[in-house]
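Given the structure of chain A, go ahead and fit chain B onto it with the hints provided.
Just so you know, the sequences run in chain order A and B.
At position 75 of the first sequence (counting the first as 1) the number is 75 in the working numbering, and the numbers step up by one without a gap.
At position 45 of the second sequence (counting the first as 1) the number is 45 in the working numbering, and the numbers step up by one without a gap.
It should be emphasised that the hints constitute simulated quantities derived from the structure, not laboratory data.
Just so you know, even glycine gets a beta-carbon here, dropped at the ideal spot from N, CA and C.
Heads up, some of the hints might be wrong.
Derived EDC-like pairs: lysine to aspartate or glutamate, alpha-carbon spacing no greater than 20 Å straight-line [claimed, not checked]: (1) A/K101 <-> A/D84; (2) A/K1 <-> A/D69; (3) B/K57 <-> B/D38; (4) B/K53 <-> B/E14; (5) B/K70 <-> B/E59; (6) A/K71 <-> A/D84; (7) B/K57 <-> B/E14; (8) A/K1 <-> B/E95; (9) A/K71 <-> B/E79; (10) B/K53 <-> B/E72; (11) A/K71 <-> A/E5; (12) A/K101 <-> B/D56; (13) A/K101 <-> B/E79; (14) B/K53 <-> B/D38; (15) A/K57 <-> B/D38; (16) B/K11 <-> B/D54; (17) B/K70 <-> B/E95; (18) A/K1 <-> A/E15; (19) B/K57 <-> B/E27; (20) B/K57 <-> B/D73; (21) A/K17 <-> B/D73; (22) A/K71 <-> B/E95; (23) A/K101 <-> B/E101.
Just some of the chain A residues that point at chain B, by a computed CB distance under 10 Å [as the list claims (entries may be wrong)]: (24) K1; (25) Q6; (26) N24; (27) R34; (28) S46; (29) I49; (30) M50; (31) F52; (32) S74; (33) V91; (34) L102; (35) I103; (36) A111; (37) V112.
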Amino acid sequence: KNQVEQSPQSLIILEGKNCTLQCNYTVSPFSNLRWYKQDTGRGPVSLTIMTFSENTKSNGRYTATLDADTKQSSLHITASQLSDSASYICVVSGGFGGYNKLIFGAGTRLAVHP
Amino acid sequence: DAGITQSPRHKVTETGTPVTLRCHQTENHRYMYWYRQDPGHGLRLIHYSYGVKDTDKGEVSDGYSVSRSKTEDFLLTLESATSSQTSVYFCAISEFPPGQETQYFGPGTRLLVL
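Pulled out of the complex, with its shape left as it was, chain A reads as follows (with noise of 0.2 Å):
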């Protein structure tokens, strides 16, 4: 079964520490995987996305990595800010019958305390 899952479920920092959510996956065949971001009351925004070669992509204060091997991928926020206190949502994109399937994960709920 084509399933991704994250963790935790929710998490809470100190303004300013650094955090890092987990996004494991079994959707296969494997095209790409995004991280989105979604505030409270909005629709989710991209942040960044990884196809199977890429094992880092960079986006500001926020860093995904990919482990295609073991099907991991994790987004590391350095320096938190007030504003990053959202959803993040990892989602991965497989091929199935001509056109790519995408897989949502149920999101790590992140909040970031002065």
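Just chain B now, kept in the frame of chain A:
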């Protein structure tokens, strides 16, 4: 939100009544999607469209229908709303087929079925 609007943004309705949600885009993207988001679940695809009058079912399409008569508009109809359809509904668009590029999401519609 990448030129995507959803209406209404909030709706309360009663069981058994029909409900139509509208998604409007100004990006002229070919592909449009309807998702629902529920606590503890990842975003789940209801229906998608790959062109005017061309639509297909997603993984949770029962109880929903869609129509797309113009490139810019994608309607989601709940023929007879049930309490299990209480959810947040997101519209998304993409220029290329699913998974080949980032999907851009609208702001969401929060639906409560009493």
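Verification of the supplied hints:
1. Pair hint A/K101 plus A/D84 does not hold up; C-alpha atoms about 28 Å apart against a cutoff of 20 Å.
2. Among the hinted pairs, A/K1 with A/D69 is consistent with the structure: their alpha-carbon atoms are about 18 Å apart, no more than 20 Å.
3. A C-alpha spacing of about 19 Å is found between B/K57 and B/D38, which places the hinted pair at or below 20 Å, so the restraint holds.
4. For the given pair, B/K53 sits about 29 Å from B/E14 by alpha-carbon distance, which is inconsistent with the 20 Å threshold.
5. Simply put, B/K70 and B/E59 have alpha-carbon atoms about 24 Å apart, too far for the 20 Å limit, and the pair is violated.
6. Of the pairs offered as hints, the one joining A/K71 and A/D84 is violated, with about 26 Å between alpha carbons and a cut-off of 20 Å exceeded.
7. Our distance criterion of 20 Å between C-alpha atoms is broken by B/K57 and B/E14, whose separation comes to about 25 Å.
8. Taking the CA atoms of A/K1 and B/E95, the gap is about 28 Å. The hint is violated against a cut of 20 Å.
9. Distance hint between A/K71 and B/E79 is unfulfilled; the C-alpha atoms sit about 40 Å from each other, more than 20 Å.
10. Using a Cα cut-off of 20 Å, the hinted pair B/K53 and B/E72 holds, with the two alpha carbons roughly 12 Å apart.
11. Note on A/K71 and A/E5: the hinted pairing holds, with a Cα-Cα distance of about 11 Å set against a maximum of 20 Å.
12. As the CA atoms of A/K101 and B/D56 are separated by approximately 13 Å, the hinted pair is consistent with the 20 Å bound.
13. Between A/K101 and B/E79, the direct Cα distance comes to roughly 26 Å. Violation of the 20 Å bound is thereby established for this hinted pair.
14. A C-alpha spacing of about 28 Å is found between B/K53 and B/D38, which places the hinted pair above 20 Å, so the restraint is violated.
15. Among the hinted pairs, A/K57 with B/D38 is inconsistent with the structure: their alpha-carbon atoms are about 29 Å apart, more than 20 Å.
16. The straight-line distance between the Cα atoms of B/K11 and B/D54 is roughly 27 Å, outside the 20 Å bound, and the hint therefore fails.
17. In summary, the hint linking B/K70 to B/E95 is supported, as the alpha carbons are separated by about 15 Å, within the 20 Å threshold.
18. A threshold of 20 Å between alpha carbons decides the hint, and for A/K1 with A/E15 the separation of about 38 Å lies outside it, so the pair is violated.
19. Of the supplied pair hints, the one linking B/K57 and B/E27 is violated, its CA atoms being roughly 23 Å apart against a limit of 20 Å.
20. The hinted pair formed by B/K57 and B/D73 meets the criterion: a straight-line CA distance of about 17 Å does not exceed 20 Å.
21. A hinted pair counts as satisfied when its Cα atoms are at most 20 Å apart, and A/K17 with B/D73 does not qualify at roughly 43 Å.
22. Straight-line distance between C-alpha atoms of A/K71 and B/E95 comes to about 28 Å, which puts the hinted pair past the 20 Å bound.
23. Only pairs whose Cα atoms come within 20 Å are accepted, and A/K101 paired with B/E101 is accepted, the gap being roughly 12 Å.
24. Checking A/K1 against chain B by beta carbon gives a least distance of about 12 Å; that is not within 10 Å, so the hint is violated.
25. For the restraint placing A/Q6 at the interface with chain B, the shortest Cβ-Cβ distance is roughly 9 Å, inside the 10 Å limit, so the hint holds.
26. Interface restraint check: A/N24 against chain B, minimum CB-CB distance 13 Å, threshold 10 Å, status violated.
27. The interface hint given for A/R34 holds, since its Cβ lies 7 Å from the closest Cβ of chain B, which is under the 10 Å cut-off.
28. At its closest, the beta carbon of A/S46 sits 4 Å from a beta carbon of chain B; the interface hint therefore holds under the 10 Å criterion.
29. This hint holds: A/I49 has a C-beta 7 Å from the nearest C-beta of chain B, less than the 10 Å allowed.
30. The criterion of a C-beta within 10 Å of any C-beta in chain B is not met by A/M50, whose closest approach is roughly 12 Å, and the hint is violated.
31. A distance limit of 10 Å between C-beta atoms decides the matter here; for A/F52 the minimum to chain B is near 13 Å, and the interface restraint is violated.
32. A distance limit of 10 Å between C-beta atoms decides the matter here; for A/S74 the minimum to chain B is near 18 Å, and the interface restraint is violated.
33. For A/V91, the suggested interface contact is upheld, since its CB lies about 8 Å from the closest CB of chain B, less than 10 Å.
34. A distance limit of 10 Å between C-beta atoms decides the matter here; for A/L102 the minimum to chain B is near 6 Å, and the interface restraint holds.
35. With its C-beta approaching chain B no nearer than about 7 Å, A/I103 sits inside the 10 Å limit, and its interface hint holds.
36. The closest approach between the C-beta of A/A111 and any C-beta of chain B is roughly 16 Å, which is over the 10 Å cut-off, so the hint fails.
37. At its closest, the beta carbon of A/V112 sits 21 Å from a beta carbon of chain B; the interface hint therefore is violated under the 10 Å criterion.
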